[in-house]
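Now for the letters of each chain:
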Amino acid sequence: MLRVIAKRILLVIPTLFGLSLLLFLWVRSLPGGPATALLGERATPEAIAQINELYGFDKPIVEQYFTYMQRLLTGDFGASIETGRPVLEEFALRFPATIELTIVALIFAIGIGLPLGYVAAKYYGKAADHVSVVVSLIGITIPVFFLAFILKWVFAVELGWFPPDGRQDSRIDATHFTGFWVLDGLLTGEYDAAWDAFTHLILPAIALGTIPLAIIVRITRASVLEVTSADYVRTARAKGIHERTIRDRFVLRNAMLPVVTTIGLQLGLLISGAVLTETVFAFSGIGRFLADAIFARDFPVLQGFILFIAVLYAIINLIVDLSYSLIDPRVRVQ
Amino acid sequence: MSSVSVPPAGTAPAAGSPKKPAGGAADHGSSLWGDAFARLRRNPQAVAGTIIVFLFVLVALLAPWLAPFGGEELPGQREIRPTVIPGIGEIAAYPLGLDRFGGDVLSKLIWGARASLVIGLVSTALGLAGGMLIGIIAGAFGGWVDNVLMRLVDILLSVPNLLLAVSIAAILGQGPLAIMIAIGASQVPIFARLLRSSMLQQRTADYVLAAQTLGLSRRTVTMSHVLPNSLGPVVVQGTLSLATAVIDAAALSFLGLGGGRPETAEWGRMLTYAQADLAIAPQLAFLPGICIAITALGFTLFGEALRESLDPRSRR
Chain A
384 MLRVIAKRIL LVIPTLFGLS LLLFLWVRSL PGGPATALLG ERATPEAIAQ INELYGFDKP
444 IVEQYFTYMQ RLLTGDFGAS IETGRPVLEE FALRFPATIE LTIVALIFAI GIGLPLGYVA
504 AKYYGKAADH VSVVVSLIGI TIPVFFLAFI LKWVFAVELG WFPPDGRQDS RIDATHFTGF
564 WVLDGLLTGE YDAAWDAFTH LILPAIALGT IPLAIIVRIT RASVLEVTSA DYVRTARAKG
624 IHERTIRDRF VLRNAMLPVV TTIGLQLGLL ISGAVLTETV FAFSGIGRFL ADAIFARDFP
684 VLQGFILFIA VLYAIINLIV DLSYSLIDPR VRVQ
Chain V
11 MSSVSVPPAG TAPAAGSPKK PAGGAADHGS SLWGDAFARL RRNPQAVAGT IIVFLFVLVA
71 LLAPWLAPFG GEELPGQREI RPTVIPGIGE IAAYPLGLDR FGGDVLSKLI WGARASLVIG
131 LVSTALGLAG GMLIGIIAGA FGGWVDNVLM RLVDILLSVP NLLLAVSIAA ILGQGPLAIM
191 IAIGASQVPI FARLLRSSML QQRTADYVLA AQTLGLSRRT VTMSHVLPNS LGPVVVQGTL
251 SLATAVIDAA ALSFLGLGGG RPETAEWGRM LTYAQADLAI APQLAFLPGI CIAITALGFT
311 LFGEALRESL DPRSRR
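In order, the protein sequences belong to chains A and V. First residue of the first sequence: 384, per this note's numbering; consecutive thereafter. First residue of the second sequence: 11, per this note's numbering; consecutive thereafter.
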């Protein structure tokens, strides 16, 4: 097992290395070069020369690359142009918010998607199946930010059931120390603050979770359908095993493999979706910061965040792969 | 799509089950694509998707005749004030109302269809071309070429698709062309991976062995036997990519990468500016949003039906 993990980690390293090279070349290939990107198009030649000297952009490209890699390896990802603070710090500051949002979105997606997909498969060809197929189709084709708009308009603007934006009501004076605001409220005993932070998560989480939900419904449905018609399920039935045992130990467990893969793959989608969802709901996580960085052409932030996200993605994929062996003993043997 | 060539009848059986029970496929012979289209006609999902796509393309092509006003025109500039935006049916000349710039919403939706069609087609074509090139090279040569190319694809796949498109758009600057290239380029790794694995799968098929035994050159085997039979998943993905492209184009526009004037008739752009008027004119967000969703739905329905009809396992 340990060898498998070690091997997988070793395989990720070249990918990340390649990505860092691409990101390095990316900033150097921006129109007008990195200094113009930093200062804007109306910068004076003197200012550009100054920046070039300060950041070493005038040095040979190979030398620049080595300095860049040296810095990356010591955890120096540069500083944001907009805020002036280190990129790593900015990321750490906002990351918990996005994690909180993603977790609620995933709970929503899995909690509804799995049962819906199972029911659709069980009643294959019946009304429940058609409904879930249509729902999942709509879920896949609706643009995230449009869904976010609708939710915001209906439930926040018109009905006023949920707060329209932000992470917390500004009138609530809550103590924050972990970055996870719901958790903070629970730990400090400020339950109203925790509840308030939670209500702020609901609409963005639904917007963010809908596409993964739709995809989970479809994969679960297809996977359960395939397993149900498998020989071993027929054999189990023939042996007179209780339907519930068949469902839990034969159908669900075997049908879960593709579902777990899909959930892992959805996490990348969630990060893309977070850029749009967090923007609509003015939710201050990494997604919104990224969107702001795109607007402001804050390249150190974009460069650093993309690398962090790729690392995250790699870690998630690793966890997904390892979770196979928990679900499916056959993988462990190979 | 000219890239979809019907493979020689003799090679088709290897790609799927050779003989289909009578019915449907008779007028097309027994080729893979003929079979697939025969099945498509009987699939309600495919028919619905085709109708949506057909209407969308029709509206996009006939925009100059269908739209009451030009794409750049702002005919209702006098009717709007910061707090009053005439909505659906309020002024007879503008059936779907006006937006905050005084543009006629109906006209903008129609011209927006054209913009979406162009962006969708061009970006998907670029993605297909780039992806197929990499896929063919990797799939045909194998060995270290394959290794290097697939590691490169791995790197690109480690960045979420939308972020990749945004990063590419940042290099190219703002504007519709930049968006098309960005979306197309962000789809290259998917197409490349798909075509390569499909080709590798086909290469082990018996008909390839047969062709090799006949003494055909490697290039002939690859280009006229392996490649045509490997195209199925790529064509399906291409159709689905049209849906993604329409949505992604709107998203990039929404993120401010569209360039040009704010009143440009583009669905994503219309949504961006609708955000500020959500409380007084929610229809400004709903209408373009629904257009994007329906268009994406059309391509998705069609693509999925196509996938099902090409998949030998789904033939019953």
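Where hints are given, some of them may not hold.
Unchecked claim - Examples of chain V residues lying across from chain A (beta carbon under 10 Å, computed):
| # | residue |
| --- | --- |
| 1 | GLY80 |
| 2 | ARG161 |
| 3 | ALA179 |
| 4 | ILE181 |
| 5 | GLY225 |
| 6 | PHE309 |
No lab work stands behind these hints: they were computed from the structure. Fair warning: this is a prediction, and the values are worked out from it, not measured in the lab. For every residue, glycine included, the Cβ atom is placed at its ideal position computed from N, Cα and C.
Going through the hints against the structure:
Taking 10 Å as the C-beta cut-off, the interface hint given for V/GLY80 is violated, the closest approach to chain A being about 26 Å. Against a cut-off of 10 Å between C-beta atoms, the interface hint on V/ARG161 holds, since the closest Cβ of chain A lies about 7 Å away. Interface hint status for V/ALA179: upheld, as the beta-carbon distance to the closest one in chain A is roughly 9 Å, under 10 Å. Among the interface hints, the one on V/ILE181 holds; its C-beta lies about 6 Å from the nearest C-beta in chain A, closer than the 10 Å criterion.
For V/GLY225, the suggested interface contact is broken, since its CB lies about 39 Å from the closest CB of chain A, more than 10 Å. Taking 10 Å as the C-beta contact cut-off toward chain A, the hint placing V/PHE309 at the interface holds, the least distance being around 8 Å.
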